[in-house]
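Protein chains: 2
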Amino acid sequence: MSIAHHIRNALQHASMIRRVADEGIKMRQDGQGSVFDLSLGNPLIEPPPAFYESMKQLLARGKTGLHRYMPNNGYPETRAAIAAWLRTDLDLPFTGQHVFLSVGAAGGINTLFKALLGPSEEVIFFAPYFVEYGFYTSNHGGLPVIVETNDEFQIDAESLRKAVTEKTRIVMINTPNNPTGVVYTAESLRNISEVLRDASTRYGRPIYLLNDTPYRRMVYDEYVDAQAPDPMHFYEHTIIATSFSKDLAIPGERIGYVAFSPQIEDIQEIDEAMAFCARILGFVNAPAWMQHLLPSLLDTQVDMSWYAKKRQRLLSFLRLTGYTCTTPKGAFYIYPKAPGGDDMAFYQELKRHRVLVVPGSGFGRAGYFRIAYCMNDETIDGALPAFAKAYETLHKPE
Amino acid sequence: MSIAHHIRNALQHASMIRRVADEGIKMRQDGQGSVFDLSLGNPLIEPPPAFYESMKQLLARGKTGLHRYMPNNGYPETRAAIAAWLRTDLDLPFTGQHVFLSVGAAGGINTLFKALLGPSEEVIFFAPYFVEYGFYTSNHGGLPVIVETNDEFQIDAESLRKAVTEKTRIVMINTPNNPTGVVYTAESLRNISEVLRDASTRYGRPIYLLNDTPYRRMVYDEYVDAQAPDPMHFYEHTIIATSFSKDLAIPGERIGYVAFSPQIEDIQEIDEAMAFCARILGFVNAPAWMQHLLPSLLDTQVDMSWYAKKRQRLLSFLRLTGYTCTTPKGAFYIYPKAPGGDDMAFYQELKRHRVLVVPGSGFGRAGYFRIAYCMNDETIDGALPAFAKAYETLHKPE
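Note that the protein sequences, when read in sequence, are chains A and B.
One point on numbering: in the working numbering, the residue at position 217 of the first sequence is 217, and numbering is uninterrupted.
To get the working numbering, take the position in the second sequence, counting from 1, and add 1000.
Please note that a few of the clues may not be correct.
Computed cross-link-like contacts, PhoX-like style, restricted to lysine-lysine with a CA-CA straight-line distance of at most 25 Å [unchecked claim]:
(1) B:Lys1309 - A:Lys56
(2) B:Lys1337 - B:Lys1309
(3) B:Lys1396 - B:Lys1309
(4) B:Lys1337 - A:Lys63
(5) B:Lys1026 - B:Lys1309
(6) A:Lys309 - A:Lys26
(7) A:Lys56 - B:Lys1389
(8) B:Lys1351 - B:Lys1337
(9) B:Lys1063 - B:Lys1026
Here are some of the chain B residues that sit facing chain A, going by a computed Cβ distance under 8 Å [said to hold, decoys possible]:
(10) Ser1002
(11) Ile1003
(12) Pro1049
(13) Leu1116
(14) Glu1122
(15) Pro1251
(16) Glu1269
(17) Cys1277
The following residues of chain B were derived to be distant from chain A, with all beta-carbon distances above 10 Å [said to hold, decoys possible]:
(18) Lys1026
(19) Glu1046
(20) Gly1118
(21) Pro1119
(22) Ile1146
(23) Arg1190
(24) Asp1230
(25) Glu1253
(26) Ser1316
(27) Leu1318
(28) Leu1320
(29) Thr1321
(30) Asp1381
Calculated from the structure, these hints are not laboratory results.
Model, not experiment: these values are computed from the prediction.
Yeah, the Cβ is synthetic: ideal placement off N, Cα and C, and Gly gets one too.
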């Protein structure tokens, strides 16, 4: 027995996303033709040209001292640049101290949970959810508590209210959402903030609202011109965790940040705790080279029309075929109902046609499936006939 | 109360290294002249030219897909390149599966501890030690157990034997050593391996020997031509955690690896557990850009004569002045006895002369102090008069 028991158990119940990915690897090697893999959120698009321009300029400048340790919360100039960007974007008085540079959003969330969670304190998140939230919580001695969303994947005040206790430390949302693609409405955010404001007063300490928001700038339809509702404008104890993985298409580089609402008290102590936790968890700091590049790239992002076209094609095709889909307003996922209602049966049926999606059971809500459309057109187009056939085979006429 | 109680407590007893660093920041701003800061192991030397050459070549190649998610344990080609390098270096049959790319050595150690440690299992390490080892252990539910080294900072079989129990999962060493600079002798390594082999048999499962070895290629004197004794040649259940932070002078980039002895069984399961733990801890993977650069840089390192000269000058001066120093055979630290025996008093006295070192109490062995000589010559030369004066003031004639 080499590894820890609880890790072996976790591996045996490993994330559905990962199991599907492994299936994909096997199928690609089985010599039976193309695989149309819409399972992993690993963007095929290249980083914007400005990313490489910025790197070339930094190289040409020939500055020294670019790769040393810096303060664990990041280079002051990078923190300040992001704070300035957030000031404009959210119209709140951010300073560098409100911004912690992290090893991706996932690294930021783990650092934050380490800093905030006392033993057996609770973290609430909403189904369907990214399955690793549970591990992020238990890594640091916290207990995950799951609350259901409604049929539109939005948040009811009542469901949340029932779940909040004096042990609740953090409520975690993810808007734009993975796996559903929905953007939380002003009503959802008002519901959350009312419940949390009440509970914070009742229990005499703030409950934090954490928005895991790597898809923040990837939105469609009415949100392209008018900003989507932002939790920071609804609730004072809001924290953002985000990354440049999706909007610069650099997930392998592990660069992101955590931003604290300027309305949060004790920012000095939180800042010190974040630096300390980044160090002892072994992150130490976000990669230096990427930190140097960021200040010139904050207004840059991948061409969203690349995604918008794929979303439109898929949505139209699926609806025409008969699928029920909540319209995704952000990210690059669609989360339709599985025809016939059994997402595992649907997954197997699609797989017979060499198409891979992730069953909703993998996100804590069965009866649905997730399509990731960050793929090239050949993969998406190649999958369409299978969606039609699987619908035909499995749907039950009402 | 914003942050967790146990984190607030830890902050209040924060690492001595960090407290000294904060002192340095304050002193540099006090307008009372230069500070000669020999406290932090943050190399001033620039990365070797090959590092930038490799980056420019990669940019010029214009390859696509360089920044996507890859398998969580790293790019297969980078793993294979490091395995090939290790095969030559250690004459053991490494394959890519034995190499896990990590976010620095610290990230690798945390991932490993998460994968291996069951609840309340014990990790043994040796005083004096890098104070964050204790946190790395407790982060994942383990219990730190500290064993003293002898007067030469080498390891006795007897002291280790007394500390090993059926709860011992990992014994962690650090050779070349921070803070002492010593390289463990063949005798120390034989002592460890005998004790661990016995205990592994007695308790019916392997106790792992982890060598945290970021200074592996930074050695002096007899080890320049003949390789220093390597734990992998003494004990079959040995694991290396290392990084390119020191030998390429890129600590801010967070790139390193964990390598498992080819003699370790169940490598497949360990490999899967490492990938899983990297993911759930939020590292996800080592930075992609650095992973692409590594294969061409494995035989590159900073110019060791830069360090060797500083080491020689400091050692000669200190010994001539009257200090007792064990000869450091690696890394960039010297760990002399504090004149008068009280390392805190000595630290304060040096500070009066605007010189900063880290008191031995910060490494779990009082009565010594650590000099980091990865600084420029002006800083080192500027500190020498203070070392002479502090010795004069504090030493007690025998």
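How the hints compare with the structure:
| no. | hint | in the structure |
| --- | --- | --- |
| 1 | B:Lys1309 - A:Lys56 | violated, 35 Å |
| 2 | B:Lys1337 - B:Lys1309 | holds, 22 Å |
| 3 | B:Lys1396 - B:Lys1309 | violated, 30 Å |
| 4 | B:Lys1337 - A:Lys63 | violated, 39 Å |
| 5 | B:Lys1026 - B:Lys1309 | violated, 30 Å |
| 6 | A:Lys309 - A:Lys26 | violated, 30 Å |
| 7 | A:Lys56 - B:Lys1389 | violated, 49 Å |
| 8 | B:Lys1351 - B:Lys1337 | holds, 17 Å |
| 9 | B:Lys1063 - B:Lys1026 | violated, 46 Å |
| 10 | Ser1002 | holds, 4 Å |
| 11 | Ile1003 | holds, 4 Å |
| 12 | Pro1049 | violated, 11 Å |
| 13 | Leu1116 | holds, 6 Å |
| 14 | Glu1122 | violated, 13 Å |
| 15 | Pro1251 | holds, 5 Å |
| 16 | Glu1269 | holds, 6 Å |
| 17 | Cys1277 | holds, 7 Å |
| 18 | Lys1026 | holds, 14 Å |
| 19 | Glu1046 | violated, 6 Å |
| 20 | Gly1118 | violated, 5 Å |
| 21 | Pro1119 | violated, 8 Å |
| 22 | Ile1146 | holds, 17 Å |
| 23 | Arg1190 | holds, 24 Å |
| 24 | Asp1230 | holds, 22 Å |
| 25 | Glu1253 | violated, 5 Å |
| 26 | Ser1316 | holds, 28 Å |
| 27 | Leu1318 | holds, 26 Å |
| 28 | Leu1320 | holds, 32 Å |
| 29 | Thr1321 | holds, 30 Å |
| 30 | Asp1381 | holds, 21 Å |
Violation of the numbered hints given earlier is confined to hints 1, 3, 4, 5, 6, 7, 9, 12, 14, 19, 20, 21 and 25; the remaining hints are satisfied by the structure.
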